[in-house]
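J.: Chains as they are written, first to last, in this note's numbering: chain H, 1 to 208; chain X, 209 to 366.
Calculated directly from the structure, the hints in this document are not laboratory data. Treat each hint with caution, since some may be false.
[Said to hold, decoys possible] List time: in silico DMTMM-like cross-link candidates among lysine to aspartate or glutamate, alpha-carbon distance up to 20 angstroms:
# : chain 1 : residue 1 : chain 2 : residue 2
1 : X       : LYS323    : X       : GLU356
2 : X       : LYS255    : H       : ASP97
3 : H       : LYS155    : X       : ASP305
4 : H       : LYS155    : X       : GLU304
5 : X       : LYS255    : H       : ASP70
6 : X       : LYS255    : H       : ASP90
[Said to hold, decoys possible] If we take Cβ atoms under 7 angstroms as the criterion, some of the chain H residues that face chain X in the derived model are:
#  : residue
7  : PHE55
8  : LEU58
9  : SER87
10 : ASP90
11 : VAL92
12 : ASP99
13 : TYR101
14 : PRO107
15 : VAL110
16 : LEU112
17 : TRP118
18 : LEU119
19 : ARG134
20 : GLY135
21 : ILE139
We put the CB at the ideal spot given by N, CA and C, even for glycine.
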Amino acid sequence: MKATTSNVQRSTLNAQLAARTSLGVGRWTLDVGRFPVLRITMQILAFIIAAIFIFAALIKILDIDQLVIDVIHLRFAAALQNLKHLSLRDPVGFARDIDNYNLLPWPVAVVLALYLPWLEIFSGLALVTRRLYRGGLLILTLLTTVFIAASIVAKARGLDISCGCFGHVSKGWSFGWHLLLDFGILGALVTLLLQPERLKTSARESRE
Amino acid sequence: VRLPHRLRPRRLLRAINVKLGAIRPALLLLTLAIVPAIVGGVYHREKISWRSRIPASEIVDLDLVRSWDGNVIWVDARPDNEYEQDHIPGALLVNEDRWNELLPPFLAQWSPEKKVVVYCSTKSCNLAGDVARRLREEAQLQNVFVLEGGWEEWLRKK
Numbered sequence: 001m002k003a004t005t006s007n008v009q010r011s012t013l014n015a016q017l018a019a020r021t022s023l024g025v026g027r028w029t030l031d032v033g034r035f036p037v038l039r040i041t042m043q044i045l046a047f048i049i050a051a052i053f054i055f056a057a058l059i060k061i062l063d064i065d066q067l068v069i070d071v072i073h074l075r076f077a078a079a080l081q082n083l084k085h086l087s088l089r090d091p092v093g094f095a096r097d098i099d100n101y102n103l104l105p106w107p108v109a110v111v112l113a114l115y116l117p118w119l120e121i122f123s124g125l126a127l128v129t130r131r132l133y134r135g136g137l138l139i140l141t142l143l144t145t146v147f148i149a150a151s152i153v154a155k156a157r158g159l160d161i162s163c164g165c166f167g168h169v170s171k172g173w174s175f176g177w178h179l180l181l182d183f184g185i186l187g188a189l190v191t192l193l194l195q196p197e198r199l200k201t202s203a204r205e206s207r208e
Numbered sequence: 209v210r211l212p213h214r215l216r217p218r219r220l221l222r223a224i225n226v227k228l229g230a231i232r233p234a235l236l237l238l239t240l241a242i243v244p245a246i247v248g249g250v251y252h253r254e255k256i257s258w259r260s261r262i263p264a265s266e267i268v269d270l271d272l273v274r275s276w277d278g279n280v281i282w283v284d285a286r287p288d289n290e291y292e293q294d295h296i297p298g299a300l301l302v303n304e305d306r307w308n309e310l311l312p313p314f315l316a317q318w319s320p321e322k323k324v325v326v327y328c329s330t331k332s333c334n335l336a337g338d339v340a341r342r343l344r345e346e347a348q349l350q351n352v353f354v355l356e357g358g359w360e361e362w363l364r365k366k
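Could you put together the complete structure from these sequences and hints?
T.: Below is the structure:
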């Protein structure tokens, strides 16, 4: 009787461990625990996604266009000088970018211009620190999905939009490149979101 | 139309929450972000215009422009084809499509004692504000205004 109980417990523990370290849902589950390289890749992917969103947010909050240009051109002395004169960016610029989509009233665009960058920062930090991790992933996935849909709708309506996402860095990008990057980010977010860290043991796994 | 049981919104949300454990932390993050957003709003309160993307001080109506007795340079911010169809007599074309090309001829005609009034149509309603802003910021011009009601207002009161 004692041995039976411990076997059941062991089976459940194994199933829980498998669920915690597997990637995907249902029949498409891939056991990440068996592939340490894959697990590390997922963590790196989370860091990259977090860095992209935090950078995109900072460029909307702080006036760092010149700083970014200096860093890109490896002018570190000038970048340090710019860092000393760092100032807050006027949110009206980002509000104008949102308003250009012609989807929302102006006051809503202003509220979003004040709110979205901070939401991106908090969600990005959630990915880095792994606190509220799933919430951060869900928010960033929804934001990216809404953004892609709004971009496609705006393009279909013939609007010449600038998303204002990455400031100077993305100024020369075509709509196609923007969309490609956005779908890449969305794919990465969905992949991370499907890592069932807290997935409850499924009946199939329990049986095994 | 009745959705299949698995696709009903409440069930779908519960599935996301149970399977991914994401709803509660997401709500917490959504709430946290409100605080700095409010602080930012208070900090930038002087710069933010809540009623329109163009501050009220930069918008002028047609009657006021007429009272300036012709001491005005009209700037048409609409696309080339709309300008070619018709425009305010004497208006100069300066749009964002050909900004670098159209700015020099405009600056050649500009003089500091003249006020600049930019207009566009309701179909391209954001253009006038953007061109006016660039004239102020990039060309360093002062006394640049946007015509309230744009081209349609001009046609109505012509």
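J.: If a hint holds in the structure, say so; if it does not, say that too.
T.: Here's how the hints hold up against the structure:
1. X:LYS323 with X:GLU356: 15 angstroms, holds
2. X:LYS255 with H:ASP97: 16 angstroms, holds
3. H:LYS155 with X:ASP305: This hinted pair holds, its Cα atoms lying about 16 angstroms apart.
4. H:LYS155 with X:GLU304: 18 angstroms, holds
5. X:LYS255 with H:ASP70: 28 angstroms, violated
6. X:LYS255 with H:ASP90: Satisfied, since the Cα-Cα distance of roughly 7 angstroms is no more than 20 angstroms.
7. PHE55: 17 angstroms, violated
8. LEU58: Hint on H:LEU58: violated, closest Cβ of chain X at ~13 angstroms, above 7 angstroms.
9. SER87: It is violated, given that the least Cβ distance between H:SER87 and chain X is near 11 angstroms, above 7 angstroms.
10. ASP90: 5 angstroms, holds
11. VAL92: 6 angstroms, holds
12. ASP99: 6 angstroms, holds
13. TYR101: With Cβ-Cβ at 10 angstroms, over 7 angstroms, it is violated.
14. PRO107: 5 angstroms, holds
15. VAL110: 6 angstroms, holds
16. LEU112: Interface hint status for H:LEU112: violated (9 angstroms vs cutoff 7 angstroms).
17. TRP118: Holds, about 4 angstroms.
18. LEU119: 4 angstroms, holds
19. ARG134: 4 angstroms, holds
20. GLY135: H:GLY135 check passes; min Cβ-Cβ to chain X is 3 angstroms, inside 7 angstroms.
21. ILE139: Given a least distance of 5 angstroms, the restraint on H:ILE139 holds.
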